[in-house]
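> Note that the protein sequences, when read in sequence, are chains Z and F. If you read the first sequence in the working numbering, its first letter stands for residue 1, the second for the next number, and so on. If you read the second sequence in the working numbering, its first letter stands for residue 1001, the second for the next number, and so on.
None of these hints come from the bench; they were simulated from the model. Here the structure is a predicted model, which means the values were calculated and not measured. Any given hint could be a false lead.
[Stated by the list, open to error] Covered by chain Z, according to a simulated footprint, are these stretches of chain F (three or more residues, beta-carbon under 8 Å):
| no. | region |
| --- | --- |
| 1 | 1037–1043 |
| 2 | 1048–1054 |
[Stated by the list, open to error] Lysine-lysine pairs mimicking DSS-like chemistry, simulated, CA-CA at most 25 Å apart:
| no. | chain 1 | residue 1 | chain 2 | residue 2 |
| --- | --- | --- | --- | --- |
| 3 | Z | K72 | F | K1033 |
| 4 | F | K1099 | Z | K72 |
| 5 | F | K1033 | F | K1100 |
| 6 | F | K1100 | Z | K72 |
| 7 | F | K1033 | F | K1109 |
Just so it is clear, CB atoms sit at the ideal spot from N, CA and C, and this is done for glycine as well.
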Amino acid sequence: MKTAWFRRSGLFYVPANPVGWIVFLVALVYAVYVFIDIDSRSHSVSDTLINFAFNLLLIGAVYTLIGWLSAKLLRI
Amino acid sequence: MEPFEETLSNMSLPETGELQHRHLLSGQIIQLKEERNLTLWWVTIPLFLIAAFYMRSCYMHNSFTEGLETFINDQKMPATWLFVIAPALLIVLNAFRIKKIYFLAGSPKLINLVSAVWMNLAMITIAVGCIILYFTLIHLS
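Just chain F, with the same shape it has in the complex (with noise of 0.2 Å):
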């Protein structure tokens, strides 16, 4: 006859990994939700400028890149917060939830893993934008 013990082990270790996996799955999923929702509102103020410097080119004839570079140099420290910092920090946040959702769901193929969070991937995509647009512009000025 099979230890008791043995049966006991052999049974429950399995059934309590994976419970702790879909624990601990669901919740990074929840977090990944909300990090997407904190990136939407911030990279949102950079690109409702870039709309106003945009809309303002075309009614005042002037240059769009014009409005934007006076108004990067005119307000640096905010212009750095919104277009530099804030969306570096969400990049890091979105990439390091992504990270953990790719191993916590077993290292699922490529279109599965892009299905599931290309919204973040797009957040990220935006805040790359905003950067380089920044740097670019500090150049040419």
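For reference, chain Z alone in the conformation it holds in the complex (with noise of 0.2 Å):
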């Protein structure tokens, strides 16, 4: 039996089976290596904020974009 990666609450896929997890940990672990990344080579602060903002921006739709496609999968 399929079952859903993710449930979808509003705007945001929650995990909802450790695929999810998996998936929503590796997207977490790779903001904070991003955040660190930046940091270490910002200016100041707004620096860090801004150039980091983009980057999580990005994942988001990555993960969004990845939760979209399991739910669109698990329906064909």
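Two independent chains are provided; combine them into the complex using the hints.
Set out below in structure tokens:
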């Protein structure tokens, strides 16, 4: 039986399965890594936050794409 | 006396049709909401860039278009993805879903359709705006 990786809650996809949790944790760890990397090269707090916000949006967009594709594949 | 099979077919067909129709329509509405979310996430990125360059133009006293133009020319591949390819794909995705809802809802009045899908139409408009902005800046540079 196929089970959904994520459960959509408003704007976000909440993990609902071990695979979903793995995807979520990978995204979280990557976001932390990106923050540390940007912070080590930036010149001010605003510089860090502006660049990190852009990367965080990209990570969120890719995560949402995975959630949307997993829901779509489940329906097929 | 009316044949039993004929009575049964007259009774069950419209009911089955209605149930299938409702099931299909609810499925399409769920997908419409999912695609609205996806579009919102992907459209937020170019909007964030536009807002960032606009704010920089206020503090650094340089032109807004100049900053965005530099980004588009220096980062050709990411700029094309974020301002052209992703918005174009999302426009097609949302447009197809709205078309399906229009037919499954039995060709409703324009006002009813717009009230149901206004968020998706707004997303499509923003995506079109991103594409227009990209090509205007390419044309200017």
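> Each hint should be assessed against the structure and marked as holding or not.
Results of checking the hints against the structure:
Residues of the region 1037–1043 of chain F with a Cβ under 8 Å from some Cβ of chain Z number 5, which satisfies the need for three, so the listed coverage holds. Interface restraint, the region 1048–1054 of chain F with chain Z: holds (3 residues with C-beta to C-beta distance below 8 Å; minimum three). With a C-alpha separation of about 13 Å, the suggested pairing of K72/Z with K1033/F holds against the 25 Å cut-off. Between the alpha carbons of K1099/F and K72/Z the distance comes to roughly 18 Å, so the proposed pair stays at or under 25 Å and holds.
About 13 Å separates the Cα atoms of K1033/F and K1100/F, which keeps this hinted pair within 25 Å; it holds. Using a Cα cut-off of 25 Å, the hinted pair K1100/F and K72/Z holds, with the two alpha carbons roughly 16 Å apart. Pair hint K1033/F plus K1109/F holds up; C-alpha atoms about 21 Å apart against a cutoff of 25 Å.
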